[in-house]
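Asker: Each chain is listed here by its residues.
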Amino acid sequence: MGIQFKDVTFRYKGFKTSYKALDMINLDIAPKGEIIGICGHTGSGKSTLVQHMNGLLQADEGTVSVFDIQLPNKKKIKLNTLRRRVGLVFQFPEYQLFEETILKDVMFGPKNLKMNHASIDSISKSSLKAVGIDASLFDQSPFRISGGQMRRVAIAGVLAMQPDILVLDEPTRGLDPVGQKELMEMLYDIHKSQQKTLLIISHDMDILGAYANRIIVMNEGEKMFDGDKDRLFSHPKFDQMNLDYPSSIKVMKHLHKEISLPYKLLYTMDEVISHIKEHIHE
Amino acid sequence: MNNMTIGQYIPGNSWLHQLDPRVKMMSLIMLLISIFLIPIQGNQVDLYMLAGYLLLTILLIMSSQIPILKVLQGLRPILFLLTFTVLIQILIVMPNEKVALTQPVTFYLSWSSISALLVWFIFYQWSKKWVRFKTLYFLFSVIMVFFLQYILPFGNVFDYEVILYEETVLRALFIFFRIVIIIMLTSLLTFTTMTTDINDGLEGILLPLKWMKVPVDVLAMMVSLTLRYIPTLLIETDKIMKAQASRGVDFKEASLKEKVTQVISLLIPVFVISFKRAEDLANAMEVRGYVIGQKRTKIDVLKIKYTDFISLFMVILIMSLTIYQVFFT
Amino acid sequence: MIQVKNMTFSYNGQDEAIKNVSFSIEKGHFVSIVGHNGSGKSTLAKLLVGLLKPTSGSLSIDDLDYQDHNMVDIRKKVGIVFQNPDNQFVGVTVRHDIAFGLENQQLEPSIMEEKVHYYASLVGMENFLEKEPHQLSGGQKQRVAIASALAMEQEIIIFDEATSMLDPKGVKDMMETIINIHKQFKKTIIMITHDLRQAGYTDDMLIMKDGTLIAQGTPSTLFQDVKLLRSTQLLLPFELELYEKAKELNMNEKVIHALWAYNSKT
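Residue numbers (my numbering), protein chains in the order written: chain P, 1 to 282; chain Z, 1 to 329; chain F, 1 to 266.
Simulated from the structure, these hints should not be mistaken for laboratory data. Cβ coordinates follow ideal geometry from the N, Cα and C atoms, glycine included. Be aware that one or more of the hints could be misleading.
Said to hold, decoys possible - If you want a taste of the chain Z side facing chain F, the calculated C-beta under 7 Å gives, among others:
1) 76
2) 178
3) 228
4) 231
5) 233
6) 284
7) 289
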């Protein structure tokens with residue numbers, strides 16, 4: 001069950017050249033309600049990787065198994081069966097909106113998947129509620145709302161397809177800090193209430209630190225690290241990974257050095273404050 | 001990132017590459033006009049003139065350092081047209097002087113041959129994706145079409161005779177080579193001139209129209225912006241297609257009504273992006289001092305050199321000789 | 001150098017996006033304008049480059065009023081780099097884009113050629129002159145935008161959320177370039193951003209809220225004012241938020257001191 005990558009290699013064929021975007025990737029993602037972060041430099045293969053998960057791209061070598069459907073496949077499979085189970089939200093997803101009303105746009109996905117007619121309406125409405133779009137906006141044009149709201153509508157459009165695994169490619173890109181926080185909190189709530197597995201590609205280590213449990217690090221098409229975030233941030237070879245520490249850890253390191261605060265891997269404001277209070281008294 | 005560049009320009013250092021684009025374009029137009037002035041009569045002198053143009057074309061290709069294969073590839077799109085034209089000449093057009101070259105050959109459109117043709121047509125469409133040399137395969141299949149009509153007279157419905165006349169053959173060759181020459185000359189232009197230079201050259205040639213209040217410079221700017229954004233738009237369209245595919249858009253398994261919505265799901269986002277882009281771009285251009293219609297200089301200066309003068313002179317000479325030969329002898 | 005007096009602006013006569021704002025920016029200063037989404041900072045940028053006209057009040061640079069008949073001269077004094085790397089890249093190649101503004105200034109081709117090479121090298125794009133925009137990353141396109149602005153040799157350059165769409169490396173490169181430009185060319189730089197870390201690099205900070213200017217001062221001074229920061233509706237960077245909370249919760253002086261040191265470093 002879930003998604004398995006076995007020795008997956010993928011090449012982008014250019015005009016006269018080709019380069020390996022993915023090199024011998026082995027990966028296992030089970031739909032058991034976790035949040036997985038994917039990070040790595042631009043061009044490391046993150047976007048390419050997730051596009052294999054819903055059949056947009058198919059491996060040149062190796063196999064990808066998505067909920068027991070194998071790709072590449074000798075038989076002709078309807079890729080929509082994959083897309084029903086793995087929902088992919090692209091960068092700047094607000095660009096995919098096009099319908100006359102917000103509700104209609106969210107219904108687009110379920111309609112294409114030929115979901116049960118009676119339930120499309122209610123599922124779309126509840127998806128919109130889950131992303132914080134008020135019912136009064138349902139009949140509005142998707143182009144008359146703010147950019148942040150448009151992004152939420154786009155995410156609702158993918159949620160309405162009821163995927164088991166939700167993949168988001170840099171969901172906070174281009175948003176201001178407040179917008180980023182609100183979006184991440186919303187995604188976290190959805191994750192909690194629907195027990196959905198979230199795969200989040202992000203460059204923002206603060207976000208990955210605060211929300212993900214497991215982090216996958218991509219580098220030049222290879223999987224450099226796949227495991228618990230604590231293990232990542234205490235990894236002896238961390239400095240060679242070209243990654244930043246989350247701000248909370250950077251502060252902890254500083255406080256440890258300057259005022260001998262015991263060093264601990266902490267990711268949220270509350271955790272840090274409690275820790276300080278515990279060890280240093282007024 | 002994408003490594004394609006817009007247009008068909010192949011970098012090089014030949015004299016043809018270095019010619020002023022205005023001279024190249026005007027020369028092309030003059031040569032094309034001259035070629036079309038030669039009548040198709042099938043007359044000896046006319047054939048020699050066309051042969052002369054063919055020779056010129058080949059010489060130009062060789063001196064441009066553009067691989068001959070590339071130029072021939074430019075003929076692929078019109079392969080069907082060429083074959084069709086030649087066949088029409090041979091099969092249908094009646095010459096004035098019937099000097100037969102062959103015995104009459106009978107072709108049959110019979111029940112057997114028609115069914116064979118259908119089978120062959122379906123087979124060809126299905127099998128062509130596996131064939132490497134598609135052009136040759138196409139020509140082979142054309143020959144098959146006639147061969148089948150030749151050997152299957154059973155259940156005859158309609159039969160016709162074909163005789164190869166000297167005149168028709170000459171006409172067919174004439175028209176064939178004329179089309180080939182004009183395509184090759186035009187390809188040479190696009191292979192040896194950068195798209196921006198073509199745009200600048202066109203602007204330069206049409207500049208006199210400014211006297212008639214035609215905003216040539218503004219139009220050239222519009223073309224330039226379009227050229228700049230085509231690759232970007234293609235990349236963005238691809239992203240939107242993927243996003244909508246992730247929402248279940250599947251062109252193969254959709255009813256007509258659904259297909260319409262799916263196309264709209266692609267078009268509207270592209271429009272929205274383009275409108276926002278137009279607004280941002282207008283602001284950026286305005287802040288950088290662009291005023292529509294106001295005089296501006298260009299970093300790429302088109303300079304006429306000796307070679308340009310000589311080339312233009314030669315072309316005018318060729319055109320004059322052709323006109324003289326065609327109209328005054 | 002830049003004087004803004006009682007400036008008000010509203011889009012088509014409705015709600016005021018900018019309400020009675022007054023401030024001045026000294027020549028050669030590195031200034032940031034921060035504010036929540038909708039605070040009016042981008043509108044302010046457009047007003048400063050003359051793309052919008054104030055509904056009331058005045059704007060002037062070196063005593064030159066922002067009037068229609070002065071626009072050509074004003075365009076010679078202030079340039080801008082926008083947020084979207086693709087939507088301000090005019091030229092077919094890097095070279096053509098940097099030259100665009102110079103062509104509008106009707107410079108001689110040989111001079112343009114020199115300037116294009118010089119400013120391209122300054123931003124590290126001298127090997128990319130023949131590249132087309134779709135072959136470049138967002139960060140590279142923004143560097144070209146900076147080169148284009150530099151090439152026009154305006155004294156004031158505005159950066160309107162110019163790093164918002166970039167990845168961390170792109171942001172870092174761009175910030176380094178901006179700081180270098182300020183040091184090397186002594187230009188007046190106005191950086192509009194929602195990232196307070198970026199604002200920390202500047203000499204002077206203006207805070208916008210709901211269309212009004214609620215504070216102006218050095219980042220050090222303003223960052224120590226907890227009440228002010230809380231009223232801005234801005235989300236503070238982790239270390240700054242921690243510092244403010246430490247003060248609010250009356251933590252041990254050691255902690256507050258160490259946190260302030262950390263904030264000053266970054």
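Asker: Against each hint, give a clear statement of whether it holds in the structure.
Answerer: Against the structure, the hints come out as follows:
Annotation: residue 76(Z) was flagged as interfacial toward chain F, and the flag is violated, the nearest CB pair being 26 Å apart, outside 7 Å. This hint is violated: residue 178(Z) has a C-beta 35 Å from the nearest C-beta of chain F, more than the 7 Å allowed. Restraint check, residue 228(Z) versus chain F: the minimum CB separation of about 5 Å is within 7 Å; hint holds. At a threshold of 7 Å, the smallest CB-CB gap from residue 231(Z) to chain F is about 4 Å, leaving the interface hint in force.
For residue 233(Z), the suggested interface contact is broken, since its CB lies about 9 Å from the closest CB of chain F, more than 7 Å. Here the hint on residue 284(Z) is kept, as its CB sits about 4 Å from the closest CB of chain F, short of 7 Å. Given hint, residue 289(Z) at the interface with chain F, holds; its Cβ is 4 Å from that chain's nearest Cβ, closer than 7 Å.
The structure is inconsistent with the numbered hints 1, 2 and 5, although it conforms to all the rest.
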